[in-house]
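We have chain F already, so just place chain R with the ligands on it with the hints.
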Amino acid sequence: MKIIFILEPKKVILRLFEISLNKIIVQTEKTVADLKIGERGIINNFKDAAMSLKLLEMGCLPDTEVMLDFIAPLGCPVGITVAGYHLSLRKREAATIVLK
Amino acid sequence: MKNKQVVALLGNPNSGKSSLFNQLTGLRQKIGNFPGVTVDKKVGFCRLSSSMDVEILDLPGTYSIYPNSLDEQVVLEVLANPKNPDYPDLAVVVADASNLKRNMLLFEQISDLGVPAILALNMLDVAEESGISINSGKLSKILGIPVVELNAREGIGIEGLKHTIFNQLQHKKTHINPPAFDKKSENIFDEVNAKFGIGNKYLALQYAAQAQKLMFLGETQQKDLEDIVKKYDFNADKFQSAETIERYRDISSTLNEVIIEEGVKKETITEKIDHILLHKVWGYVIFLSILFLIFQSVFTIAETPMDWIDQGIAFVNDFLKSHLPDNQIVSLLTDGLVAGIGGVLIFIPQIAFLFAFISILEESGYMARVVVLMDKLIRRFGMSGKSVVPLISSMACAVPAIMSARTIGSWKDRLITIMVTPLMSCSARLPIYTILIALVVPNNKVLGFFNMQGVALMGLYLLGFFSALLAGWIMKFMLKSSERSYFIMELPTYKKPRWKQVGFTILEKVKTFVFEAGKVIIAISIILWVLASYGPSDKIEKAESKVLSENPTLEHAKLDSKLASVRLENSYAGHFGKFIEPAIKPLGYDWKIGIALITSFAAREVFVGTVSTIYSIGADAENETTIKERLRNEVNSETGKPTFSVATSFSLLIFYVFAMMCMSTLAVVYRETKGWKWPIIQLIYMSVLAYISAFLVYQFLS
Ligand SMILES: Nc1nc2c(ncn2[C@@H]2O[C@H](COP(=O)(O)OP(=O)(O)OP(=O)(O)O)[C@@H](O)[C@H]2O)c(=O)[nH]1
Ligand SMILES: [Mg+2]
Numbered sequence: 023m024k025i026i027f028i029l030e031p032k033k034v035i036l037r038l039f040e041i042s043l044n045k046i047i048v049q050t051e052k053t054v055a056d057l058k059i060g061e062r063g064i065i066n067n068f069k070d071a072a073m074s075l076k077l078l079e080m081g082c083l084p085d086t087e088v089m090l091d092f093i094a095p096l097g098c099p100v101g102i103t104v105a106g107y108h109l110s111l112r113k114r115e116a117a118t119i120v121l122k
Numbered sequence: 056m057k058n059k060q061v062v063a064l065l066g067n068p069n070s071g072k073s074s075l076f077n078q079l080t081g082l083r084q085k086i087g088n089f090p091g092v093t094v095d096k097k098v099g100f101c102r103l104s105s106s107m108d109v110e111i112l113d114l115p116g117t118y119s120i121y122p123n124s125l126d127e128q129v130v131l132e133v134l135a136n137p138k139n140p141d142y143p144d145l146a147v148v149v150a151d152a153s154n155l156k157r158n159m160l161l162f163e164q165i166s167d168l169g170v171p172a173i174l175a176l177n178m179l180d181v182a183e184e185s186g187i188s189i190n191s192g193k194l195s196k197i198l199g200i201p202v203v204e205l206n207a208r209e210g211i212g213i214e215g216l217k218h219t220i221f222n223q224l225q226h227k228k229t230h231i232n233p234p235a236f237d238k239k240s241e242n243i244f245d246e247v248n249a250k251f252g253i254g255n256k257y258l259a260l261q262y263a264a265q266a267q268k269l270m271f272l273g274e275t276q277q278k279d280l281e282d283i284v285k286k287y288d289f290n291a292d293k294f295q296s297a298e299t300i301e302r303y304r305d306i307s308s309t310l311n312e313v314i315i316e317e318g319v320k321k322e323t324i325t326e327k328i329d330h331i332l333l334h335k336v337w338g339y340v341i342f343l344s345i346l347f348l349i350f351q352s353v354f355t356i357a358e359t360p361m362d363w364i365d366q367g368i369a370f371v372n373d374f375l376k377s378h379l380p381d382n383q384i385v386s387l388l389t390d391g392l393v394a395g396i397g398g399v400l401i402f403i404p405q406i407a408f409l410f411a412f413i414s415i416l417e418e419s420g421y422m423a424r425v426v427v428l429m430d431k432l433i434r435r436f437g438m439s440g441k442s443v444v445p446l447i448s449s450m451a452c453a454v455p456a457i458m459s460a461r462t463i464g465s466w467k468d469r470l471i472t473i474m475v476t477p478l479m480s481c482s483a484r485l486p487i488y489t490i491l492i493a494l495v496v497p498n499n500k501v502l503g504f505f506n507m508q509g510v511a512l513m514g515l516y517l518l519g520f521f522s523a524l525l526a527g528w529i530m531k532f533m534l535k536s537s538e539r540s541y542f543i544m545e546l547p548t549y550k551k552p553r554w555k556q557v558g559f560t561i562l563e564k565v566k567t568f569v570f571e572a573g574k575v576i577i578a579i580s581i582i583l584w585v586l587a588s589y590g591p592s593d594k595i596e597k598a599e600s601k602v603l604s605e606n607p608t609l610e611h612a613k614l615d616s617k618l619a620s621v622r623l624e625n626s627y628a629g630h631f632g633k634f635i636e637p638a639i640k641p642l643g644y645d646w647k648i649g650i651a652l653i654t655s656f657a658a659r660e661v662f663v664g665t666v667s668t669i670y671s672i673g674a675d676a677e678n679e680t681t682i683k684e685r686l687r688n689e690v691n692s693e694t695g696k697p698t699f700s701v702a703t704s705f706s707l708l709i710f711y712v713f714a715m716m717c718m719s720t721l722a723v724v725y726r727e728t729k730g731w732k733w734p735i736i737q738l739i740y741m742s743v744l745a746y747i748s749a750f751l752v753y754q755f756l757s
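Quick note, the sequences are listed as chains F and R, same order.
Those letters in the first sequence? Residues 23 to 122, by this note's numbering.
Those letters in the second sequence? Residues 56 to 757, by this note's numbering.
I should point out that these hints are in silico values taken from the structure, not numbers from a laboratory.
A portion of the hints provided could be inaccurate.
[To be verified] Here are the simulated lysine to aspartate or glutamate pairs, DMTMM-like style, with alpha carbons at most 20 Å apart:
(1) K76(F) to E538(R)
(2) K335(R) to E61(F)
(3) K321(R) to E61(F)
(4) K156(R) to D85(F)
(5) K76(F) to D292(R)
(6) K250(R) to D282(R)
[As the list claims (entries may be wrong)] The calculated label-pair distances, taken between Cβ atoms and stated as ranges, are:
(7) K193(R) to K122(F): 32 to 38 Å
(8) K58(F) to I331(R): 17 to 23 Å
(9) I197(R) to K122(F): 27 to 33 Å
(10) I747(R) to K122(F): 57 to 63 Å
(11) Y725(R) to K58(F): 46 to 52 Å
(12) K85(R) to G60(F): 32 to 38 Å
(13) S106(R) to K69(F): 56 to 62 Å
(14) G60(F) to I197(R): 35 to 41 Å
(15) K69(F) to L525(R): 33 to 39 Å
[Said to hold, decoys possible] To spell it out: a stretch of chain R is covered by chain F in this simulated footprint if at least three of its residues, at any positions, have a beta carbon under 8 Å from a beta carbon of chain F; those stretches are:
(16) 116-129
(17) 151-161
(18) 282-296
The beta carbon of each residue, even a glycine, is placed where N, CA and C say it ideally should be.
So that you can see chain F by itself, here it is in the shape it has in the complex (with noise of 0.2 Å):
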């Protein structure tokens, strides 16, 4: 990182207001893994398009309504109730489905 800033300052500021923004997209997008126990969402879209298939079959579809029900002693993976019944998965995994 020191490196590349003493050779090239300007990429390097650039770099740093990307990741700032990305920030910003981020946590204006709330997601699953952002749902404290109990609380419910309705699911938007995703945002990692192979994972979102295996959630779509699993009955995880835009606006359906999503519960969290408990987070593993570790924090990850979580339980979710979605379309009656319960489904668990990883937090990484929980961070694709944006909610509404």
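Okay, now just chain R with the ligands, sitting in the frame of chain F:
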């Protein structure tokens, strides 16, 4: 024309297919309350009428016909290939009625492939409990195929289903309701149809969408399909997601007409239990306590019946010896067979307890929660939470455990799981552990109620578990893979274990243990007895006369036992043992243990039987003792100290924790990894690990 009609049981994981299969065929396919119990197809037969038998096919569960793991792949291979001998004439789609919407996705896909279908609504009792009722008559009208109500667990509705199968095989009603295909899809269909003769639109598009997964096609045909895909710029992922969304929309509107849901949702029992079992702190405390309870009871509760069996066998042997003439055949019977079989029978109570606990874990639904509890921990060691199922079930036996790793989608996670699973102590090691622990660990209580021997047993199992983690961690760095793994898993509702089912499992496992081990042991005992009673040329006679001339004044009994041990030493078996003694001496084993070590390559269970046979040949005939006493009394002829000293016993224990002494495991690893590379690596690393650790333990303790 096939001579038998094939009826396939299809459906989501854990929907009750295998339960139904058992009801229809009278077979005993494994059942468990977590997704992914069945990982391969299984055939059975069912009599529908006096004139009609059909073949019933139990298949692994899947959520759609787009497979994500090897077990789901089996379903695609059966359904996508009309030339497959298992291609069904009729599909019975077993659906979990408490969760019908998700179960209908697969039903719609199978129907659109053109397979005549019956929709079997199972688990209606669970649905009812959560306030869902389904108008199956109306559903049947809308779908245009028969819908039957079932309880596969209790066997309710089976006769009705048989009747419906019989009728459907005559009429073959189908329900074809594919998603709308665009122009591009139509073009692809035309080309696939022209090349492969697939008249079903949906199936033809599956050929295009999943070309790489259709192994039966062969490379050139897969290449042809890929060319078509490229030509039309067909996006398989988009096709799949559009299809899924459209189907669910359609299913929702159908189900709205037939499902009545009770308004207010109460917290279900499953949710209440999960609050406790998946609690931040209590979750792990409860899990550890359950493990602790298992090992404690395996030791303490099983001890009394084990002693009865041990004494019973000693009594039988005594009785036979005193009532039958003292000749070679009787000696084969008593020292060879009875001693060897005793070494198996005595462990029945422990095996029964172990299997009882494992089967309760599997039947209750707790297994899936253990997977959740362990995922994050075990991921650091190159595996997935789903590896917990193979790891736990290999406490029973590594062979089915390694097969159950098929549900793990990622190749790397799965391979690591397969490679480390045999480090978990299986039930065949239990006899060795028990006997040796009983010799060297005092039967005391710690802190008032923990039995020390039970703690030692748990220690050995934990040693196996932690070394499996360590081995996984090392392999994680050696295997490179860019493949992504995921962990999306349905949590089943808790169910009361069916005690009848648990009882049957115990009975069956005990039976296999006794008969499988028994067969080997009978064979080995006979061979061993022959090898231990006869020697090359006249070495035995010479040694005998030497003893006689050296000890002219010794009393009768002592002389006898001295003669017996000299005879054994100069027999063929003795020669084998002496031959490998230099290699095992650093581990603290004498040549007699060496003999047992060699025989246990046939099966680990044989170790105790062999030891028991060898020492009973050497023992004086008057006073037959139990197996434990026989080992305790055994004295090393060179040092004059007990053979099974603390150092030797622990060294042996450690050796057996790590040693890969099981032909069947090697064979199943060969089959699951499709080659000799991995089983050979496994054999080598485990043997080296066993030898070195046993060596260190012996050197450290002696
Ligand atoms: N309450 C209830 N439980 C059932 C019923 N049918 C099956 N079960 C239970 O559901 C669980 C799963 O049954 P299985 O027959 O193993 O399911 P499967 O579809 O073969 O599962 P996989 O092989 O994993 O795909 C077991 O615990 C059964 O006892 C039913 O009608 N009612
Ligand atoms: Mg099954």
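Hints versus structure:
1. K76(F) to E538(R): Roughly 15 Å separates the two Cα atoms, so the pair holds.
2. K335(R) to E61(F): Since the Cα atoms of K335(R) and E61(F) sit roughly 18 Å apart, the hinted pair holds (cutoff 20 Å).
3. K321(R) to E61(F): holds, 16 Å
4. K156(R) to D85(F): Satisfied, since the Cα-Cα distance of roughly 15 Å is no more than 20 Å.
5. K76(F) to D292(R): holds, 11 Å
6. K250(R) to D282(R): Since the Cα atoms of K250(R) and D282(R) sit roughly 12 Å apart, the hinted pair holds (cutoff 20 Å).
7. K193(R) to K122(F): 32 to 38 Å: Taking Cβ atoms as reference, K193(R) and K122(F) lie about 33 Å apart, which means the hint holds.
8. K58(F) to I331(R): 17 to 23 Å: At 20 Å between Cβs, range holds.
9. I197(R) to K122(F): 27 to 33 Å: Given about 31 Å between the Cβ atoms, the range holds.
10. I747(R) to K122(F): 57 to 63 Å: holds, 59 Å
11. Y725(R) to K58(F): 46 to 52 Å: holds, 49 Å
12. K85(R) to G60(F): 32 to 38 Å: This hint holds: roughly 36 Å between Cβ atoms.
13. S106(R) to K69(F): 56 to 62 Å: holds, 58 Å
14. G60(F) to I197(R): 35 to 41 Å: holds, 36 Å
15. K69(F) to L525(R): 33 to 39 Å: The hint (33 to 39 Å, Cβ to Cβ) holds, given that K69(F) and L525(R) are roughly 35 Å apart.
16. 116-129: Answer holds; 4 residues pass the 8 Å Cβ test.
17. 151-161: holds (count 5)
18. 282-296: Since 3 is at least three, the answer is holds.
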